[in-house]
Amino acid sequence: MARVSLNKIEKVYPNGFKAVHGVDLDIRDGEFMVFVGPSGCAKSTLLRMIAGLESISGGELRIGEKLVNALAPKQRGIAMVFQNYALYPHMKVYDNLAFGLKLAKASKAEVDRRVREAAALLEMEHLLDRYPKQLSGGQAQRVAVGRAIVKKPEVFLFDEPLSNLDAKLRANMRVRLTELHRTLRESGQPATTIYVTHDQVEAMTMGERICVLKEGRIQQVDTPTNLYDHPANAFVASFIGSPEMNIKKAAVETGGVRLGSALLPLDTAKLAGRSEVQFGLRPEHIGTVQRPDATLVNARLRFCEHMGSEVYVHFDLGNEAMSARVPADQIGTIATAERGSAIALQFQLGKAHFFDAETGLAIR
Amino acid sequence: MSTGAIDSLGPQKTPWVRYVMLVLVALVMLYPLLWLVGASFKSNREIYTEVGFWPSSFDLKAFVRGWKTSTEYTFATYFLNSFLICIPRIIVTVISCVLVGYAFARFEFWGKKLMFSIMIGTMMLPLVVLRLPQFLMFRELHWLDSYLPLIVPSAFATDTFFVFMIVQFLRGIPRDMEEAAQIDGCNAMQVLIHVLVPLLKPAIISVVVFQFIWTMNDFMGPLIYLASVEKYPVSLALKMSLSATENVEWANVIAISVVALIPSVLVFFAAQKHFVEGAASSGIKG
Chain A
10 MARVSLNKIE
20 KVYPNGFKAV
30 HGVDLDIRDG
40 EFMVFVGPSG
50 CAKSTLLRMI
60 AGLESISGGE
70 LRIGEKLVNA
80 LAPKQRGIAM
90 VFQNYALYPH
100 MKVYDNLAFG
110 LKLAKASKAE
120 VDRRVREAAA
130 LLEMEHLLDR
140 YPKQLSGGQA
150 QRVAVGRAIV
160 KKPEVFLFDE
170 PLSNLDAKLR
180 ANMRVRLTEL
190 HRTLRESGQP
200 ATTIYVTHDQ
210 VEAMTMGERI
220 CVLKEGRIQQ
230 VDTPTNLYDH
240 PANAFVASFI
250 GSPEMNIKKA
260 AVETGGVRLG
270 SALLPLDTAK
280 LAGRSEVQFG
290 LRPEHIGTVQ
300 RPDATLVNAR
310 LRFCEHMGSE
320 VYVHFDLGNE
330 AMSARVPADQ
340 IGTIATAERG
350 SAIALQFQLG
360 KAHFFDAETG
370 LAIR
Chain B
4 MSTGAIDSLG
14 PQKTPWVRYV
24 MLVLVALVML
34 YPLLWLVGAS
44 FKSNREIYTE
54 VGFWPSSFDL
64 KAFVRGWKTS
74 TEYTFATYFL
84 NSFLICIPRI
94 IVTVISCVLV
104 GYAFARFEFW
114 GKKLMFSIMI
124 GTMMLPLVVL
134 RLPQFLMFRE
144 LHWLDSYLPL
154 IVPSAFATDT
164 FFVFMIVQFL
174 RGIPRDMEEA
184 AQIDGCNAMQ
194 VLIHVLVPLL
204 KPAIISVVVF
214 QFIWTMNDFM
224 GPLIYLASVE
234 KYPVSLALKM
244 SLSATENVEW
254 ANVIAISVVA
264 LIPSVLVFFA
274 AQKHFVEGAA
284 SSGIKG
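Residue numbers (our numbering), protein chains in the order written: chain A, 10 to 373; chain B, 4 to 289.
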């Protein structure tokens, strides 16, 4: 059973580039933690530092109670699944799974039992006699996961494991991996998981907590719903959610905020003393149906994207480009409206977020 | 150039022109070899009088006489000697070059770039330059007239071309697998043995083939370091059969040259599939 704790972890490359800036994070025992962020946010670097594949320039990394900064990967009690699967091409699936156990000098019977157990758990007993080149992407991915499970590690590390799969398979594997984590945890096995992805859908659906990173700094660590409902800053707000939150500079006036030419009536009590803020409203909080908590706003239509069950409406409010996410059965005449025509939209201003105009920090 | 112009030269319209050209060039290249094989069945007189390569009769006497040689040893001894040089040399070459190539391709250490440049630089150095100092050194070590001067230098990865080839090949292999092996519990040496060597197989086979052919063909090395006839490899023995008597029995020399070619040709064809893959990909992937 292991928790992972990062204390002021830093990474400085030999050329002086600082990739990770003093990261503090506690991952609980058995927890499914997701690291998410755009390319270059150092999420993979951080994972590789936990794995022992990158050196740690500063701070303390503990797995369980043990300080592991200077330990080799094999001494850390971890297993890792790589983006490109990294299966050994010259070994059959069985040997790929057994390799780590054989190195650890486990008995032949023990190796066999654990390999078959893992294969059964992942429904891939029929693949054991194949070579990696005879596997499809999804199967190779399962073998890579199997190789991790067989070792019964304290901590599982996943480095964008689904990004090479097609959309349908990815959705399927997402569910499988989440289920696998819960199965392991419920059966009392160590299941602490750190999962790196740039895909916020994966992050939201799989993570029990999500750590949002940007440029080597943690932006927010919280549950998916809290990240969505209470983003700590404008970056987190725009990163989580699709299409991304409309975040626009707005002037604070008595009785509301002014966005271009439109004055949005709002309670500005918490904005007291500010002349300018960043106003944020998620596309799903802009609709076409009249509601008691919604305010009618006139906008100019740019174009619609039909997604099947819903429609993304892109429009201009004054000079600001914004988007709305409207259920297809509520889209009405907007679907056929001309480009540039006036449309009426309902803004749920009660759901609006405010961020500091300079720092981007949430104003609560 | 328009696509029409390319099409007019394309294979659909005049494939035979292309094949005739290829066959002609191939004939020019291969004729000496064909002639050699044909001449090995001829008598000495027929060699001088007939232009064509087809012998009037298939006479194996030249092979028998050539094999016996004019010395007290048969070619069996010389072949054995060649293998006594070749096989240990190939083994130490593969081990040393893989180790050094692995270090250059995968590890960061002080002075790596400079050392790599020096190593590449030695590839440009004519071997002749090294002969004298090496000869003096081996004389001090009392290694003259033994196979050690022909084998031991290769144990220190002095065949830099092979090191370069392996480095280039390794650079084309993604590191994921090595990292996975590290996490599975391998140390650097186990990563090399369990993961990289199997992946390096094509490159290693290329090293084996090149080193085999080059060592079998090496004339200068044995000539300089070996004094006793009983230690001569095939290359020296062939030369000896030319100069042993004033009247050279060309038929014998030619017959035994053909036999001397066989091991290299066999090794090449046995390894051809992997060899081509290794020699080609080391260039492309780098």
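There may be inaccurate statements among the hints.
Claimed, not checked - Restricting the straight-line Cα-Cα distance to at most 25 Å, the calculated cross-link-like pairs of lysine-lysine (DSS-like) are: (1) Lys117/A to Lys161/A; (2) Lys101/A to Lys117/A; (3) Lys161/A to Lys111/A; (4) Lys279/A to Lys257/A; (5) Lys75/A to Lys161/A; (6) Lys64/B to Lys276/B; (7) Lys204/B to Lys142/A; (8) Lys64/B to Lys101/A; (9) Lys276/B to Lys142/A; (10) Lys101/A to Lys204/B; (11) Lys177/A to Lys223/A; (12) Lys83/A to Lys101/A; (13) Lys161/A to Lys279/A; (14) Lys242/B to Lys111/A; (15) Lys27/A to Lys257/A.
None of these hints come from the bench; they were simulated from the model.
In ascending order, which of the hints set out earlier in this document are inconsistent with the structure?
-> 6, 8, 11, 13, 14 and 15
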